[in-house]
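Chains as they are written, first to last, in the working numbering: chain A, 5 to 368; chain B, 4 to 298.
If you're looking for bench data, these hints aren't it; they were derived computationally from the structure. Some clues are possibly wrong.
To be verified - Dumping the calculated DSSO-like pairs for lysine-lysine here, alpha-carbon to alpha-carbon at most 30 Å:
id	chain 1	residue 1	chain 2	residue 2
1	B	8	A	105
2	A	19	B	98
3	A	247	A	186
4	B	181	A	19
5	A	111	A	207
Residue strings, one per chain:
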Amino acid sequence: MAQLEIVNVSKSFGKTDVLRNVNLDISSGEFVVFVGPSGCGKSTLLRMISGLEEIGSGHMRLDGKAMNSVDPARRGVAMVFQSYALYPHMTAFENMAFSLKIAKQSKGVIREKVEKAANILRLEHLLERRPGELSGGQKQRVAIGRAIVREPKVFLFDEPLSNLDTELRVQMRAELIQLHAKLKTTMIYVTHDQVEAMTLADKMVVMNGGVIQQCGRPLDLYDDPDNEFVAGFVGSPRMNFMKAEVISTSKDSIVIGGVGGEGRFEIPFTGFDPAIRKIKLGIRTEHVGFVNGQPEQVSLPAKVAFVEELGDVSHIHTDLASGERLVIRSTGQRYAGSGDCTAVLDTKGLMIFDEAGQRIRPTR
Amino acid sequence: MIAKKHMPHYMMVLPFMLLFAVFFLYPIASGFFYSFHDWNATTTTRFVGLDNYTRIIGSRDFKKAMWNLATYIVITVPLGILVAFCLALLVDSFKGTWSNIFRSAFFMPVVLPAFLAATVWRWIYTPNFGLLNMVLGWFGLPSLNFLNDTGSMLYALIAVDVWVSAGFNMVIILAGLKNIPTDVYEAARLDGASPLQQVRYVTVPMLYPVLFFVTTYGVISALQVFDVPWLLTGSSFASYGGRSNALMFPVMDMMGRGFGSLKFGQASAYGFILTAIIVLFTAAMFVFRKKGYDQ
Numbered sequence: 005m006a007q008l009e010i011v012n013v014s015k016s017f018g019k020t021d022v023l024r025n026v027n028l029d030i031s032s033g034e035f036v037v038f039v040g041p042s043g044c045g046k047s048t049l050l051r052m053i054s055g056l057e058e059i060g061s062g063h064m065r066l067d068g069k070a071m072n073s074v075d076p077a078r079r080g081v082a083m084v085f086q087s088y089a090l091y092p093h094m095t096a097f098e099n100m101a102f103s104l105k106i107a108k109q110s111k112g113v114i115r116e117k118v119e120k121a122a123n124i125l126r127l128e129h130l131l132e133r134r135p136g137e138l139s140g141g142q143k144q145r146v147a148i149g150r151a152i153v154r155e156p157k158v159f160l161f162d163e164p165l166s167n168l169d170t171e172l173r174v175q176m177r178a179e180l181i182q183l184h185a186k187l188k189t190t191m192i193y194v195t196h197d198q199v200e201a202m203t204l205a206d207k208m209v210v211m212n213g214g215v216i217q218q219c220g221r222p223l224d225l226y227d228d229p230d231n232e233f234v235a236g237f238v239g240s241p242r243m244n245f246m247k248a249e250v251i252s253t254s255k256d257s258i259v260i261g262g263v264g265g266e267g268r269f270e271i272p273f274t275g276f277d278p279a280i281r282k283i284k285l286g287i288r289t290e291h292v293g294f295v296n297g298q299p300e301q302v303s304l305p306a307k308v309a310f311v312e313e314l315g316d317v318s319h320i321h322t323d324l325a326s327g328e329r330l331v332i333r334s335t336g337q338r339y340a341g342s343g344d345c346t347a348v349l350d351t352k353g354l355m356i357f358d359e360a361g362q363r364i365r366p367t368r
Numbered sequence: 004m005i006a007k008k009h010m011p012h013y014m015m016v017l018p019f020m021l022l023f024a025v026f027f028l029y030p031i032a033s034g035f036f037y038s039f040h041d042w043n044a045t046t047t048t049r050f051v052g053l054d055n056y057t058r059i060i061g062s063r064d065f066k067k068a069m070w071n072l073a074t075y076i077v078i079t080v081p082l083g084i085l086v087a088f089c090l091a092l093l094v095d096s097f098k099g100t101w102s103n104i105f106r107s108a109f110f111m112p113v114v115l116p117a118f119l120a121a122t123v124w125r126w127i128y129t130p131n132f133g134l135l136n137m138v139l140g141w142f143g144l145p146s147l148n149f150l151n152d153t154g155s156m157l158y159a160l161i162a163v164d165v166w167v168s169a170g171f172n173m174v175i176i177l178a179g180l181k182n183i184p185t186d187v188y189e190a191a192r193l194d195g196a197s198p199l200q201q202v203r204y205v206t207v208p209m210l211y212p213v214l215f216f217v218t219t220y221g222v223i224s225a226l227q228v229f230d231v232p233w234l235l236t237g238s239s240f241a242s243y244g245g246r247s248n249a250l251m252f253p254v255m256d257m258m259g260r261g262f263g264s265l266k267f268g269q270a271s272a273y274g275f276i277l278t279a280i281i282v283l284f285t286a287a288m289f290v291f292r293k294k295g296y297d298q
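Based on the provided sequences and hints, a complete structural model is requested.
Here it is as structure tokens:
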């Protein structure tokens, strides 16, 4: 187990800034997931931790020791690649034993460590097979086994489940959670899939444009995002956003207009800055419904565009008068019908963002 | 009915089949016929049975040519591949323009006509004024007659052929290198493998199919070696093979018997002996090939 500190780390490729002043503390034994869209710098950050990519500027310390110029093999990290990166000419056993062979460990030690890892990953019967004779899930388990035998301080996973089908991905996710519980080693995992991030992470680091947007427990990020990007990225279906205008403010509430076209209503909000006029409202799909009449709800006329019927839940995509899209999550009725409807917003679930996309929180 | 239905198909393959029959099957068949006959292209043929074959196999020139060939293959093929492999690694380590410059430079000898390559090397090997002897002179070493000293002639030829073939093999190996995913090397780096260990445990095994092709192709080409030693020695049917036949090779011997001594029956028989050797070599290489792995 190891503690990792990333201090003011930046990285550029030519004139392109890939990472800008990244600061992050990863505690011992934590399962941290870097999540963000393609090109956000998450894989580059992981590769810098592994030592495969040079650190542009800033510092990286593992258990207090500077890692900037330490050779990848001596950092005490092991990496699982998206493509598995297994040696195709070696058997599963030889793949897992390779690092130990290079380290000139005795045959007995190598066999013991490989068999122990194979036992954890239920790979015993596959040890004599070559990667070409293994399925995607089995290959990934061998890749994880190769990392385990090195007994690293930190495991690094670079989108390891992206090449697997949905069913296998769910199964492997569960296995990774169990593996983390068993090994209790620090794990850093990169993915662009926010569902994967939310199910795996102790700490989720949302990145965009080479900058950490927010980090924290997955549900904290879901419930209390710092900005429009995090609010939109975390959660599926993504949060609904509607432009609005502040008409008047008082100590404990604000009156907003132009919501979804002509919508005008008052919402409770303490300490709103009266200088701010143009805002964006964010509301998650579960806070929008069809049923009217409850005290903290306001309604907007909408037109059903299409419906995703998933069985237990339906996502009803509606168009507001402003042309904005409002997705409603419906668990009560399996078929939403079509045509005109009335969308009902639960004002408790409303979040307010400024024009730059930063969250405006009420003062306490 | 069926023949009529397929007539357009037969018509489409007919031009190729005609050319194949005239320029491939007929020469093979007539060569096979002449290999059992005594014929000098002007007189009528005389059946001699296996006499041509036994005469060739029993001749001193054939034995010398075979010995030269064996020595030549054993040195040229592995050395050529080793040089090509090192050049490919070097070119692969460069990016962009430098990679293109080196690749083009190393490939140049391949596109050079054999005549030109041999002429350049004859000049390099020239006693007294040649480039190589000039370099030897700088170190105070005596001048050598590389193309007339029986001890050095074969090695002089090997140097030329390694130089000529390296570019071609390098391009093939380079293509193989480009096919090895970067992340396998990264995994090896994280596993603690040094650059040399990466070459040994990752590059070479993953290049196995490419190296097998290059070796097979190299052996087949080497078995037919003719032009460069021909050009380095007399370059005529009256004088070839160099001093003491130090650069006598089977194809050269075959050509000499045919166009030099006008013994076309023997030349044909020689051709079939050589073909049998090439087929045997190639078959043996495939038999001994390690079972490929599924990439």
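Tell me, which hint numbers fail for this structure? Numbers 1, 3 and 5 - these are the hints that the structure violates, sorted from lowest upward.
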